[in-house]
Amino acid sequence: MTHILIVDDKPENLYYLRALFSGSGYTVEEARHGAEALVVARSHPPDVIISDLLMPVMDGYTLLRYWKADAELQRIPFVVYTATYTEEKDARLALDLGADAFILKPCEPDVLLEQVEAVRTRRVSTPGVESSDPRRNEVMQVYSEALIRKLEEKSLQLEDANKRLARASLLLEIAGRVARMGGWWLELDASHVVWSAETCRIHGEPEGTAPDLERALHYYEPLRSRPAVQAALARCRSEGTPFDLELELVTRQGHTVAVRVIGEAVRDEHGRTVRIQGAIQDVTERRAADRRLAQQAALLEKAQDAILVRALDDTILYWNQSAERLYGWSAAEAVGRNAHELINDDSAEFLDAKAALMERGEWTGSLRQVARDGRRVVTECRWTLVRDEEGKPESILAINTDISERRNLELQFLRAQRLESIGTLAGGIAHDLNNVLAPVMLSLSLLRDMVGPEGESLVNSLQQSVGRGADLVRHVLSFARGLDGKREPLDLREVARELESVVRETFPKNVAFTIQLAEAPCLLRGDATQLHQVIMNLAVNARDAMPEGGALQIVVDREQVSAGPVATAIGLAPGAYVRLVVEDSGEGIPPEHQVVIFEPFFTTKGVGKGTGLGLSTVQSIVRGHGGTIELESEPGKGTRFICWFPEVEAGAGAQSARPAERRLPEGRGECVLVVDDEDGIRSVAQRILERSGYRVLLAANGREALHLFHVHTGDIDVVLTDVAMPELDGPGFVAALRADGVDVPIIVSSGHAMDAAALMSTGAEFFISKPFTAETLLATLRGALVGRR
1 MTHILIVDDK PENLYYLRAL FSGSGYTVEE ARHGAEALVV ARSHPPDVII
51 SDLLMPVMDG YTLLRYWKAD AELQRIPFVV YTATYTEEKD ARLALDLGAD
101 AFILKPCEPD VLLEQVEAVR TRRVSTPGVE SSDPRRNEVM QVYSEALIRK
151 LEEKSLQLED ANKRLARASL LLEIAGRVAR MGGWWLELDA SHVVWSAETC
201 RIHGEPEGTA PDLERALHYY EPLRSRPAVQ AALARCRSEG TPFDLELELV
251 TRQGHTVAVR VIGEAVRDEH GRTVRIQGAI QDVTERRAAD RRLAQQAALL
301 EKAQDAILVR ALDDTILYWN QSAERLYGWS AAEAVGRNAH ELINDDSAEF
351 LDAKAALMER GEWTGSLRQV ARDGRRVVTE CRWTLVRDEE GKPESILAIN
401 TDISERRNLE LQFLRAQRLE SIGTLAGGIA HDLNNVLAPV MLSLSLLRDM
451 VGPEGESLVN SLQQSVGRGA DLVRHVLSFA RGLDGKREPL DLREVARELE
501 SVVRETFPKN VAFTIQLAEA PCLLRGDATQ LHQVIMNLAV NARDAMPEGG
551 ALQIVVDREQ VSAGPVATAI GLAPGAYVRL VVEDSGEGIP PEHQVVIFEP
601 FFTTKGVGKG TGLGLSTVQS IVRGHGGTIE LESEPGKGTR FICWFPEVEA
651 GAGAQSARPA ERRLPEGRGE CVLVVDDEDG IRSVAQRILE RSGYRVLLAA
701 NGREALHLFH VHTGDIDVVL TDVAMPELDG PGFVAALRAD GVDVPIIVSS
751 GHAMDAAALM STGAEFFISK PFTAETLLAT LRGALVGRR
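According to our numbering, the sequence shown holds residues 1 to 789 in order.
One thing to keep in mind: the hints can contain errors.
The calculated lysine-lysine pairs, modelled on DSBU-like cross-linking and capped at a C-alpha distance of 35 Å, are [said to hold, decoys possible]: (1) K354 <-> K392; (2) K392 <-> K509; (3) K105 <-> K163; (4) K89 <-> K105; (5) K10 <-> K105.
FYI, nobody ran anything at the bench for these hints, they're computed from the structure. Keep in mind that this is a model prediction, so the values were computed, not measured.
Make a model of the complete structure from these sequences and hints.
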């Protein structure tokens, strides 16, 4: 096996040649300069040597001279392999000194192997220049010139390198000052520390300071920082473990400085740690900035508003804790996702808001958004376009405040205002209706006497209808003024039966109607008119849900509710209940409408086809009766409303809405002053009272009534007065009478008891509700007169 010696000062060249020749079957030895090569060759002569020219200690030319002068080595082929001496005269000199081949780097591996093998197999090595050779002086002169030329080149390269090094050192020093970073190293054998200029400045020491290890450690705070540095140095020295510490030192001037210190071990060729070197950086300002940022971040996290930062493509970059609370997404889940897709419910309004932001640089308004759990939230948004140093848009700062509750309160307030307006209107209408119904109600007793027994049923029917109308008016007034109707025990089956004929006669024939009533009484304490309204509203809604026809069923029964999850879900306490079910086979109610179906003014009907108050009123009435209402519906499968009312014991007995009133004795010639602005009421009241033995004086308002009192002083026995009248109303009239010392009984007539409250407080003593029957009027008059005797 061929033995080759490779000589080169660069490890990468040695590695390459060793791999090439070892892979080609050579045994390889190495040397890093000429002197080492001579020692290796003389102890173990190779079959061929391949050497670089430019090397430290001994260059290739000198090695070649010594090689050819050595009697043992001169016969061994010598190949020059160089990248530095590349001129023709360099090659000529090498060949004159005895080189067997001159090869320029780089060379293709196959070519290099071929030329080396050719030299080795030639077996005759080129002799060197003998001292007696006449060319010796010439060759040596060329050799000297080559060395001088290379020395000059190296000198120029060194000078250039020194200039570059100086520039690099200056830049490094500037960079160190800007970054407040310096270098250091600790010579372990000498135990002294070398500091760069910036390291000296960080410690508050003059440039060039090189303290010993103990003095260098003295700068660090003794309780925490110094033990940490000592431990890190010890581990680095013994184990070679690098370190990176942040701690505090005290400068020569007594200032505390936060520093970052990093260090690593430097080993010799035997693997022994001979030096520890590293860098030190003043991080005082950075740490202060970090603290400020941490404080600001803490403030952002404590803010009650949801604060988020978005990229221009709406990717979320920052998400505070309030955003987590509002939307339900953690910061880890939200950051990196698209805000438009994650939390916005209405794409159009979001895109409009963003367009306005990009145009004006800021935007304020409200958006409908959605939380993780599907909750719809309304947020008041304040968006700002954040720009970079050049003024180009960079990101979007969004501050979103949850105003869902406030918006709901605003909507409730608006609804309350609308209801108040409706109530005011309803009150006015009800007052007028009372005045219309009052003369009709009063006339019925006259009509009964006129038609005789054969017309009795007709009069009774009229009286029932007028009574129902009067009840409706009272409920309109109760709604307008927020008062409950009169509650008394009644059988819900009877209420349903009264409406059965209305439904059968008025609903379309393509609606198949069935009613199912329990055999036993279904007693509850309630208001018959309001319960009529509940059943009628639910039935009408069912009819409207079946425009092409279908099935409508009303069920009234009794149900015993036990404690358990079903009762809890419905919101019922255990006990006995009367149940009203209204079920249809119509189009059903979508889930999104079911959650708002009972809200006032919510309707899916077209303009003019529904007010949105029907189901709201139904729910209000049911709850007012101590009950609750359930909704079961699926789109395309119909709808089922279930109303639950607490049952009353059978012993309470269902009572009629109007117990029969007994006819009272007639008058005895007493004078009655009737004060009302409605001609019909005055004229009918006059006929009834005169037929019953009273004398009557009529006044259209309080002013006329006062005049009559002055004209007929001492003749008037009792006063019947309305409340709302022109010129002088009822309260003013009564107050004037009492102020004049008039002590006659005063009866107030009004459509609502609250209207009478003002009159009663000014001296009125009796009250009758409009519209009233003749029997009620006569009974009240007799009671007022008898009570004064």
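Hint by hint, here is what the structure shows:
For the suggested pair K354 and K392, the alpha carbons sit about 16 Å apart, so the restraint of at most 35 Å is met. Of the supplied pair hints, the one linking K392 and K509 is violated, its CA atoms being roughly 71 Å apart against a limit of 35 Å. Of the pairs offered as hints, the one joining K105 and K163 holds, with about 28 Å between alpha carbons and a cut-off of 35 Å not exceeded. For the suggested pair K89 and K105, the alpha carbons sit about 16 Å apart, so the restraint of at most 35 Å is met.
For the hint linking K10 to K105, the alpha-carbon distance of about 13 Å falls within 35 Å, and the restraint holds.
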